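Q: Now for the letters of each chain:
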Amino acid sequence: MNYLYAAYAAAWMIHGSYLGLMWKRYREVKRERDALSGGL
Amino acid sequence: MSVDFIRVCRATLTKDLRLEWRSRDVINAMLFFALLVVVIFSFSFDPTAEESRHIAGGLIWVAFLFAAVVALNQTWARELRNDVLDAYRISPAPANALFLAKAIGNFLFVSILELLMTPLFVVFYNLRVLGSASSLALLAALGTWALVVNGTFFAAISLRTRSREIMLPLLLFPISIPAIIAMVNGTTAILTGEDSARFWLVLLGAYDVVFTTGSMLLFETVLHAE
Amino acid sequence: MNDSPEPAILLRGLSKQFGKFAALRRVTAEFSAGRLYCILGGNGAGKTTLLRTLAGLSRPTRGTVSLLGETDFRAASPKIGYMAHPSLLYDELSGMENLRYFACLYGIADEARCSDAIRAVALDPTLTRAVGQYSQGMRQRLSLARAFLNRPEMLLLDEPFSNVDLTSAQAMVRLLCDSRDAGKTIVVTTHQAALLDGSADEFVWMDAGAIVNRTKDWKLSAGSASELI
Amino acid sequence: MRRAFPILAVATLAFLGYAFYAAWFVAPTEQTMGNVQRIFYYHVPSAWTAFLLFFLNFVASVQYLLRPSEVGDKIGKAVALGIAALTCVGAFLIKPLPYELEPGAVATTGIMIAGIYFLVRGFFSERGTDILALVSAEVGVVFCTVVLVTGPLWARPVWGIWWTWDVRLTSTLVLWLIYVSYLMLRKLSTSGETPKLAAALAVFGALDMPLVYFSIWFFRTQHPQPVIGGGGSIDPRMLRVLLINWLAFLCFASLVCWLRFQLETMKRDVEETQALEALLEPGALR
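Protein chains in written order, with the numbering used here: chain A, 1 to 40; chain B, 1 to 226; chain C, 1 to 229; chain D, 1 to 286.
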């Protein structure tokens with residue numbers, strides 16, 4: 001049974017870490033965008 | 001003045017062979033490297049006669065792959081040294097002529113390595129070919145071309161990346177997996193003589209056709225991407 | 001000098017950027033045919049980038065480049081002779097072998113063209129030594145011979161006189177003047193402007209990726225060029 | 001679309017929740033394998049989603065390469081229409097379709113292939129196709145990783161082995177390797193035209209897949225191995241839960257792709273503006 005938990009948990013950990021990575025990149029790009037003198 | 005494809009291809013090939021012959025130290029270094037690979041493989045896998053025939057196919061081709069990658073990394077070394085590639089890019093000569101000449105040059109170069117390594121494997125593993133030797137030679141030729149045509153193409157791509165030497169295997173190995181499976185299993189099938197390697201030969205033929213055409217179509221884009 | 005109405009080189013808002021660094025900043029200029037232009041400027045002024053873009057080796061980030069009436073950079077390149085800082089030659093081959101190979105790339109089979117090109121730069125065609133053992137000056141002159149090989153209509157030469165002794169440099173200048181008189185368009189970048197005094201039709205001053213001044217005489221640096229000759 | 005995002009996000013989450021509930025409680029327990037078989041409801045839909053994303057990457061890469069030249073664009077359209085026509089004709093003409101495929105499915109796949117081609121061609125600019133290629137590759141690799149993690153976790157309790165050279169699982173592994181090298185190329189490339197190099201590699205990768213499949217299939221027939229998920233018929237209730245999960249994953253994947261697409265577009269706009277600023281004030285960055 002714990003293999004079942006492990007598989008589902010692993011799936012969401014993978015998706016979660018990718019979304020986390022994307023969020024971190026988003027924050028970096030946002031900081032650069034705000035730093036632009038003209039802004040977008 | 002459309003530039004004749006065959007003449008440019010032949011001129012580039014002869015130029016490359018002359019360059020290799022002039023600085024023979026590169027070839028000698030490569031041959032010695034191939035010898036080392038075979039010896040180390042023989043130490044790491046105990047070659048008792050019986051099951052050695054079953055794993056020999058895999059060992060031989062992994063050793064060839066190793067030596068081929070080191071050779072393929074040198075493909076564009078001379079063109080890079082004095083930016084000679086720029087001179088080629090400016091000339092009206094077709095990009096595919098350069099690619100084909102480089103691929104054939106590599107094919108000859110890697111074949112020389114294989115011709116040296118094979119007798120060593122036969123000696124260390126006292127192999128006897130039970131199947132038909134001619135189809136083994138055909139398999140080796142198709143397999144080597146499969147590695148070399150993609151190797152030359154990806155070597156050109158990896159010119160434009162930061163860590164050039166590591167990038168070539170990273171690009172080459174995943175794409176070459178079907179060819180490697182075919183070579184290894186085909187060789188084992190012929191060595192053990194248990195089953196025919198016809199399927200593997202057909203697969204390698206298809207692989208070569210697909211990727212030679214693909215490379216010829218896309219090489220111009222890669223050459224001019226700076 | 002034939003003032004053909006349509007300029008040999010037409011640049012409209014040409015920019016070239018490597019990431020944030022702007023090597024060329026919206027360069028707009030015209031260069032007419034049959035003239036010898038000398039481009040001056042400090043390091044990083046964009047001289048080499050300009051030549052590479054003209055030669056079709058690097059694509060502009062913005063703006064257009066039209067050479068000899070062609071905008072597709074692949075179409076014009078066979079009519080161009082290019083010389084760069086690196087020698088663009090194979091070190092292990094001799095001078096003649098190099099030229100024979102590059103002649104083949106242009107579809108030239110005739111041997112005499114190669115030996116004429118070598119003699120034009122005062123080198124000996126029968127020299128069998130590998131180019132790797134040539135002196136830097138000899139290698140520069142052989143590289144110039146390679147640029148002349150396909151009888152180009154336009155010559156783009158990046159610092160052709162560096163490391164070349166005075167007499168050979170002056171011989172090269174005479175060669176360029178003869179080609180200019182024959183109708184070729186020649187663009188030379190150099191730090192030794194004095195060599196082209198009286199030969200170049202126009203001196204173009206570049207600074208920070210832009211053309212800042214164009215004068216007839218290299219001494220008169222009326223513009224803001226900070227070039228120290 | 002930006003305003004609708006929160007609603008869509010909540011809807012997708014709800015859908016995923018329902019799919020999760022269906023996978024754990026609604027679907028009947030498999031007799032031989034027991035509850036661990038429920039990994040099937042995440043393993044297989046993730047694989048299908050990954051394959052679809054990689055196919056999208058292939059279409060976007062082909063378009064990126066073909067679009068600049070009119071001739072290329074025409075060839076692309078002709079080939080796409082050709083594929084659709086051939087599969088439809090073949091589906092109904094070839095009577096004994098292999099693997100008991102029924103004609104309707106084959107025809108719709110053919111039309112879907114052409115449909116995706118023209119959709120991408122219509123909705124995305126040249127830069128857009130490149131971003132789409134990058135996005136679909138990245139999200140595809142994420143789903144592929146899920147498949148490669150849940151596969152062994154399923155094989156272990158059922159057959160006692162972590163890895164089985166099953167045709168589909170191994171093809172997924174090779175596909176994963178190819179697209180990781182694709183992403184590495186995009187990150188390590190210093191060329192000004194990285195999208196072109198990446199597109200060339202993507203086309204090579206796609207050309208490689210049929211060869212990968214057949215080489216492993218024949219390799220497997222010589223060394224028979226247990227097959228993940230088994231072939232043959234499947235209990236209709238299980239099939240329903242499987243499709244629910246697949247639909248939920250498709251919504252989730254398209255949402256993530258959309259987010260990543262906006263992020264990449266924003267990043268490139270910022271870079272362009274920075275480059276423009278660097279262009280205007282001379283000497284600042286010499």
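The set of hints was computed from the structure by calculation and includes no laboratory data.
Every value quoted in this text rests on a predicted model; they were computed, and no experiment measured them.
There's no promise every hint is true.
Reference excerpt, derived from the structure (chain C facing chain D, CB under 8 Å, subset only) [as the list claims (entries may be wrong)]: (1) Ala22; (2) Arg26; (3) Thr28; (4) Cys177.
Under 7 Å between C-beta atoms, here's a sample of chain C residues computed to sit facing chain B [what the hints assert, rightly or not]: (5) Ser58; (6) Pro60; (7) Thr61; (8) Pro78; (9) Pro86; (10) Leu89; (11) Glu92; (12) Ser94; (13) Met96; (14) Tyr101; (15) Tyr106; (16) Tyr134; (17) Leu166; (18) Val173.
A virtual CB, placed ideally from N, CA and C, is assigned to each residue, including glycine.
Q: None of the hints should be skipped; say for each whether it holds.
A: How the hints compare with the structure:
1. Ala22: Holds, because the Cβ-Cβ distance from Ala22 (chain C) to chain D comes to roughly 5 Å (cut-off 8 Å).
2. Arg26: 7 Å, holds
3. Thr28: 14 Å, violated
4. Cys177: Since the shortest Cβ distance to chain D is 34 Å, the answer is violated.
5. Ser58: 6 Å, holds
6. Pro60: 13 Å, violated
7. Thr61: For Thr61 (chain C), the interface hint is violated, since the closest Cβ of chain B sits about 13 Å away, which is over 7 Å.
8. Pro78: At 4 Å from the nearest chain B Cβ, Pro78 (chain C) passes the 7 Å test, so the hint holds.
9. Pro86: 4 Å, holds
10. Leu89: This hint holds: Leu89 (chain C) lies near chain B, its Cβ roughly 6 Å from the closest one there, short of 7 Å.
11. Glu92: With a closest approach of 5 Å, the Glu92 (chain C) hint holds.
12. Ser94: Since the shortest Cβ distance to chain B is 10 Å, the answer is violated.
13. Met96: Cβ of Met96 (chain C) sits 13 Å from chain B, so the hint is violated.
14. Tyr101: Holds, about 5 Å.
15. Tyr106: 6 Å, holds
16. Tyr134: 12 Å, violated
17. Leu166: This interface hint is violated because 25 Å lies over the 7 Å limit.
18. Val173: Nearest chain B Cβ about 23 Å off; hint violated.
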